[in-house]
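Here are the chains, one letter per residue:
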Amino acid sequence: MEVERESLRARQLRARDLLRGDLEGKDLEQYVEESVLTTTLENALNWGRANALFPLTFGLACCGIEMMSMVTSRYDIARFGAEAFRASPRQADMIILSGRVSIKMAPVVRRVYDQMLEPKWVIAMGACSSSGGMFANYAVVQGADKFMPVDVHIPGCPPRPEALLHGFNKLQRLVRGQPDLGWRQRYNAVGTEEWARFETGEPTSEAIERAAKAVEDA
Amino acid sequence: MPDAPGLELIAQGIEEGRQGIVIETSVEHGRATLVVNPEGLLHALSWLRDQPDQAYRFLSSVHAADYLPATPRFAVHYELLCRERVERINVKALLEDPAAGNGATGAPGSEAEDAPVDAGLPEIDSCVALYPTAEFQEREAYDFFGIVFKGHPDLRRILMPEDYVGWPQRRDYPMGGEPVLFTHNEIEAPRWFE
Numbered sequence: 001m002e003v004e005r006e007s008l009r010a011r012q013l014r015a016r017d018l019l020r021g022d023l024e025g026k027d028l029e030q031y032v033e034e035s036v037l038t039t040t041l042e043n044a045l046n047w048g049r050a051n052a053l054f055p056l057t058f059g060l061a062c063c064g065i066e067m068m069s070m071v072t073s074r075y076d077i078a079r080f081g082a083e084a085f086r087a088s089p090r091q092a093d094m095i096i097l098s099g100r101v102s103i104k105m106a107p108v109v110r111r112v113y114d115q116m117l118e119p120k121w122v123i124a125m126g127a128c129s130s131s132g133g134m135f136a137n138y139a140v141v142q143g144a145d146k147f148m149p150v151d152v153h154i155p156g157c158p159p160r161p162e163a164l165l166h167g168f169n170k171l172q173r174l175v176r177g178q179p180d181l182g183w184r185q186r187y188n189a190v191g192t193e194e195w196a197r198f199e200t201g202e203p204t205s206e207a208i209e210r211a212a213k214a215v216e217d218a
Numbered sequence: 219m220p221d222a223p224g225l226e227l228i229a230q231g232i233e234e235g236r237q238g239i240v241i242e243t244s245v246e247h248g249r250a251t252l253v254v255n256p257e258g259l260l261h262a263l264s265w266l267r268d269q270p271d272q273a274y275r276f277l278s279s280v281h282a283a284d285y286l287p288a289t290p291r292f293a294v295h296y297e298l299l300c301r302e303r304v305e306r307i308n309v310k311a312l313l314e315d316p317a318a319g320n321g322a323t324g325a326p327g328s329e330a331e332d333a334p335v336d337a338g339l340p341e342i343d344s345c346v347a348l349y350p351t352a353e354f355q356e357r358e359a360y361d362f363f364g365i366v367f368k369g370h371p372d373l374r375r376i377l378m379p380e381d382y383v384g385w386p387q388r389r390d391y392p393m394g395g396e397p398v399l400f401t402h403n404e405i406e407a408p409r410w411f412e
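Residue numbers (the working numbering), protein chains in the order written: chain U, 1 to 218; chain C, 219 to 412.
One side of the interface only, derived from the structure: several residues of chain C facing chain U at Cβ under 8 Å:
#1 M378
#2 P386
#3 M393
For the chain C half of the interface with chain U, some residues (derived, Cβ under 8 Å), not all of them:
#4 P379
#5 G394
#6 G395
#7 E396
#8 V398
Please keep in mind that the hints were generated in silico from the structure rather than gathered at the bench.
Where a beta carbon is used, it is the ideal one built from N, C-alpha and C, also for glycine.
The task is simple: from the sequences and hints, build the whole structure.
Okay, here's the thing in structure tokens:
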């Protein structure tokens, strides 16, 4: 305890010296090294975006109840910085399609999505918004990706809030530029990425190797 | 709930001065039903509403049904409630399908789609003047079954999109959606996994 207090005191004195301009040479270099982090602007921006994704206040069906409970203290999406549900699409970064999209609702959803400002992301929550689910009939759109881009599909009917949180974490990885959660390494599936089909549209051995290397470097 | 003799008395009362309205009476599963022909429907409903000892002044439901192989094909059901005695009675009006025989169905791509609304669709008198709550329910019956209610103040689709084509709850209307591959129909799509 005493040592900590002394080292804190030493750092405070060093900061005071820096502000006065008295810090020079090695001391200055060490101070800068300790207190400055360098990164690219893009990385910093993406880090900020990923940790402050504002979802749109928007529920479509029963999945909406699970989405609401994701915000409660038991599951608490505030841990990941997405607890601020915005009531205006202009202020939202992300829309969670929580439920089946009927053909009458689809234009409305599309308009709300178009009103959101770039960059924007979409989570299709549950079987219905991903594929139509059990509603294979005339009234329900068979998958929301028929009329708008979807970044993350979350299976389940409805998915539990934990599943939604997991999907949200995947979206965060996507926003940060690292789309996978490392499962390819765990399941020995490196090289099965769809973006490995570079030039020819077919998975070539070079493309697969390049992809595998990119994953390892990341 | 009128019992079978009570229902017969009601039918006699309705037919007083106007014959041939009630086609059939039935009391099944504790539900009394009067089957009427569509021309006499409004007379039957107003008689049930305005007769002091009947006083079925609450219309709890209007809905249509499609009994496709049967003729007449359609029926509109009216569920009446007397709130003083807490008694219910059903009135069922049978409707022929005018499009039957010429091959037209409610499905998209058929003739009925291009035809004007009043050709090829079954028609019945609207009871909005008697029971104002029927307005939205008749719109729903029109929306799903294509039954035209004559005299309705605002007969539009209510649940389906307004530019929707077809009558989706009819029995000859295709299910829609996309076929899902289960193990039992896997044989219909050979080598689907390739």
